[in-house]
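Trainee: So the chains spell out like this:
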Amino acid sequence: MKNQQYIYKEDNLIDSEPNKFRVSELKSEEMIINLGPQHPSTHGVLRLEVLSDGEIIKEVVPHIGYLHRCFEKHAESLPYNQVIPFVDRMDYVAAMNSEHAYAMGVERMLGISEQIPKRVEYIRVLMAEINRIASHLIAVGTYGLDLGAFTPFFWIMRDREHILRLLEWASGARMLYNYIWIGGLFYDLPVGFEQRCREFITYFKPKVGELEKLLVNNKIFIDRTANVGVLPLNLAINSGVTGPMLRGSGLRFDLRRVDRYSVYPELEFEVPIGEGKMGKVGDCWDRTWVRVKEIYESLRIMDQCLDKLEGEHKRTREFDPQTIVPKKIRPKAQELYVRAENPKGELGFYFRADGKSDIPFRCKARACSFVNLSILPEISRGVLIADLIAILGSIDIVLGEVDR
Amino acid sequence: MPDKKEELLSLIRQITSEEVIEIPNSTPFGVIVKNEALLSVCERLYNDPAFYFDMLSCITGVDNGPEAGMMEVIYHLYSIPFNHSLALKVVLPRENPELESVVSVWKSANWLEREVYDMFGIAFKNHPDLRRILMPADWKGFPLRKDYKHEEYYRGVKIEY
Chain A
242 MKNQQYIYKE DNLIDSEPNK FRVSELKSEE MIINLGPQHP STHGVLRLEV
292 LSDGEIIKEV VPHIGYLHRC FEKHAESLPY NQVIPFVDRM DYVAAMNSEH
342 AYAMGVERML GISEQIPKRV EYIRVLMAEI NRIASHLIAV GTYGLDLGAF
392 TPFFWIMRDR EHILRLLEWA SGARMLYNYI WIGGLFYDLP VGFEQRCREF
442 ITYFKPKVGE LEKLLVNNKI FIDRTANVGV LPLNLAINSG VTGPMLRGSG
492 LRFDLRRVDR YSVYPELEFE VPIGEGKMGK VGDCWDRTWV RVKEIYESLR
542 IMDQCLDKLE GEHKRTREFD PQTIVPKKIR PKAQELYVRA ENPKGELGFY
592 FRADGKSDIP FRCKARACSF VNLSILPEIS RGVLIADLIA ILGSIDIVLG
642 EVDR
Chain B
935 MPDKKEELLS LIRQITSEEV IEIPNSTPFG VIVKNEALLS VCERLYNDPA
985 FYFDMLSCIT GVDNGPEAGM MEVIYHLYSI PFNHSLALKV VLPRENPELE
1035 SVVSVWKSAN WLEREVYDMF GIAFKNHPDL RRILMPADWK GFPLRKDYKH
1085 EEYYRGVKIE Y
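Sequences listed follow chains A and B, in order.
Here the first sequence is numbered in the working numbering, starting from 242 and rising by one per residue.
Here the second sequence is numbered in the working numbering, starting from 935 and rising by one per residue.
Heads up, a few of these hints could be off.
[Claimed, not checked] In silico DSSO-like pairs for lysine-lysine, Cα to Cα no more than 27 angstroms straight-line:
1) A:573 to B:938
2) B:968 to B:1023
3) A:250 to B:1074
4) A:261 to B:1074
5) B:939 to A:250
6) B:1092 to A:314
7) B:1092 to A:573
8) A:569 to B:938
Hints listed in this document are in silico derivations from the structure and should not be mistaken for laboratory results.
Kindly produce the complete structure, drawing on both the sequences and the hints.
Mentor: Here's what the structure looks like:
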């Protein structure tokens, strides 16, 4: 038998991800609808097994793992600095933020987090915020797409392109950067980056207003999202939901504020929360609104970072962002859990170092999309199927991070 | 947060009759909990107004390898109103590890425990829906165990690695 790709046996043809509900056990009015994994409104390869009574949903069972790429297994066989490209590929629309969290964790383990030059920290925060805008744009734009609004998607893709070009200019890659290194950066900002960034902010600010007018304050959009998928605060906290979803439910909780990591304590920004302007607090509209408001706040932070980067910590000939990048990364034996505010919520990394090798003994990623998605069955019981799509879109998941 | 650490430690000493063992070199600091006492400690930490750990951030499984012969499960708790964190560690044997589920306390434990089960084969008692989550349902073995060897064939398809 030469080079046969597949052996046709009966055992090989069974369902590898079987449904939770059996058709034979259903009541006569119930049926199972399969949504995804190849469907644009599931934002990737998410499969939802929906038990419904006509249009009304009785139970949703998410089946995930179609994009599982063994991040944790790979991380156990690679030196710390070589894990960063894998971290990029978790939340691939906000890779800078994930890199920032990861680098911060390893730096804390090495005990060098105090020595990082201020300019490096400001560049990191600038990059993280610009990437946060890109991620929120995707979240809001594709959410419009889910609900049948086609135009905003093109608008946000047009504006996101500017962001990706800026990031490409700085790091050499459009989406998966490997720019933030442990102890420093891959390279200093290119000459002229600050001015281009300022131009982008002036260009982009009115565009957010347009997006707000076109989509978020649109009558049809409000009708589709207000009072849909209401997530009460106590349920949100108990389920570990973080990020814009938790803030949409009315809690002013932002790790940039709470943990005061990096240079965030030196920057001024508001933490927007859902106020139930169009319906109840914690509905899909509130979550989208929080994301749009956060875009404005990110622009504010970017502005302040640029002020610092052009003033106090400006580019000098001697400045090398890799001065304290360690040649050999070997932390002492310890355990550490680090968390940072990603666009989608709290991204946590748990590290276990044994003190004898350059490779993490264990590296676990607490993915925000993963925990946020687990709320879906809770809040979509008893809603219509069309509203399920609205709720799923408002959670803003990236399957690369859910499955890791 | 050294002051909070002492405060939390003294509070934890009050709720357990046994000696409190601290996890060495851990950030945030943590304590080792007996396997049987986990659920009651968690309930206490959740309900007691002095702790009020209302959020379970993360559950991590760690396999220490066949030589050490034990596995660990680490719970990272966080309290939003008090802004303090705590790690709880449970040590389990590598053969038939079993642990009480904390889904009744924190709902976020549901998927996090399923992931630990999927990767380490730690069975959580009284879990409402303990199935594999990231790997396919018919996957053999638990991939993040240190002695895991990947299969050569999956359903007749050769796995080239």
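Trainee: Verify the proposed pairing of residue 573 of chain A with residue 938 of chain B, using a straight-line Cα cut of 27 angstroms.
Mentor: holds (24 angstroms)
Trainee: Taking 27 angstroms as the top limit, are the C-alpha atoms of residue 569 of chain A and residue 938 of chain B close enough?
Mentor: Not OK: residue 569 of chain A and residue 938 of chain B at ~34 angstroms, beyond 27 angstroms, violated.
Trainee: Straight-line Cα separation of residue 939 of chain B and residue 250 of chain A no greater than 27 angstroms?
Mentor: Violated: residue 939 of chain B and residue 250 of chain A sit about 59 angstroms apart, past 27 angstroms.
Trainee: Would you check the hint for residue 250 of chain A and residue 1074 of chain B, treating anything up to 27 angstroms between C-alpha atoms as holding?
Mentor: This hinted pair holds, its Cα atoms lying about 18 angstroms apart.
Trainee: Please verify whether residue 261 of chain A and residue 1074 of chain B have alpha carbons no more than 27 angstroms apart.
Mentor: holds (19 angstroms)
Trainee: Are the Cα positions of residue 1092 of chain B and residue 573 of chain A separated by 27 angstroms at most?
Mentor: Answer violated: residue 1092 of chain B to residue 573 of chain A is near 40 angstroms, above 27 angstroms.
Trainee: Would you check the hint for residue 1092 of chain B and residue 314 of chain A, treating anything up to 27 angstroms between C-alpha atoms as holding?
Mentor: holds (20 angstroms)
Trainee: Against the 27 angstroms threshold, does the CA-CA distance of residue 968 of chain B and residue 1023 of chain B hold or violate the hint?
Mentor: Holds. Residue 968 of chain B to residue 1023 of chain B sits at ~8 angstroms (cutoff 27 angstroms).
Figure legend: structure checked against the earlier numbered hints; hints not met, in rising order: 5, 7, 8.
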